Amino acid sequence: FDYILEAVDWVGREGWRFLADYTFDAPSGRWFHGGAPAAEPARLADLCYGTGGLEYHSHRRRAPESDLAGYLDRARALAAESAAHRPEPRPCAALPPETEPLRWFALPTDDPQAPPPVDLIF
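Plus 34 on top of the position in the sequence shown (first one is 1) and you've got my numbering.
The hints are simulated quantities; they were obtained by calculation from the structure and are not laboratory data.
None of the values given here were measured: they were computed from a predicted structure.
Accuracy of the hints is not assured; some may be wrong.
[Unchecked claim] Pair ranges (Cβ atoms, derived):
#1 P130 to R96: 17 to 25 Å
#2 A73 to R137: 22 to 30 Å
#3 E99 to P131: 27 to 35 Å
#4 P135 to P98: 28 to 36 Å
#5 D101 to A70: 36 to 44 Å
#6 R96 to A70: 35 to 43 Å
#7 Y56 to G104: 20 to 28 Å
Even for Gly, the Cβ is constructed at its ideal location relative to N, Cα and C.
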């Protein structure tokens, strides 16, 4: 439980450093990591009850709890590296102007050095 609290706190404070590594697809509302292939979201058609119970192909991978601290250490190292060598943001589809007042999150193309509007999260 402590790991989850620490991870959420860290992402809230430092996660903006990774925005340039992602692309935001405005029509779908999905974020894609630049180095990962875009996976299709799960669909109801992927579910099967042929054997009398729910069946689906799981993509879930598990790691032992002892690995959790290492994930935060790696994230801290990546954030420090990102601060030293900030990549150019990936282009992303612009949001329609009428939706801009509703946006509460930063986009990869936003300038992290510019002061955000009060209601925008960086």
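> Quick one: are A73 and R137 within 22 to 30 Å, going by C-beta?
Replying inline: With a Cβ separation near 25 Å, A73 and R137 satisfy 22 to 30 Å, so the hint holds.
> Falls inside 27 to 35 Å, the C-beta gap from E99 to P131?
Replying inline: This hint is violated: roughly 47 Å between Cβ atoms.
>> Quick check on a hinted range of 28 to 36 Å for P135 and P98, using CB atoms only.
In response: With Cβ atoms ~45 Å apart, the hint is violated.
>> 17 to 25 Å was suggested as the range; check whether the CB atoms of P130 and R96 agree with it.
In response: Since P130 and R96 have Cβ atoms about 40 Å apart, the given range 17 to 25 Å is violated.
>> 35 to 43 Å was suggested as the range; check whether the CB atoms of R96 and A70 agree with it.
In response: Hint violated: Cβ distance 19 Å, outside 35 to 43 Å.
>> A range of 20 to 28 Å was offered for this pair. Does it hold for the Cβ distance of Y56 and G104?
In response: holds (22 Å)
> Can the suggested window of 36 to 44 Å be confirmed for the beta-carbon pair D101 and A70?
Replying inline: Given about 20 Å between the Cβ atoms, the range is violated.
The structure fails to meet hints 1, 3, 4, 5, 6 from the earlier list, while all remaining hints are met.
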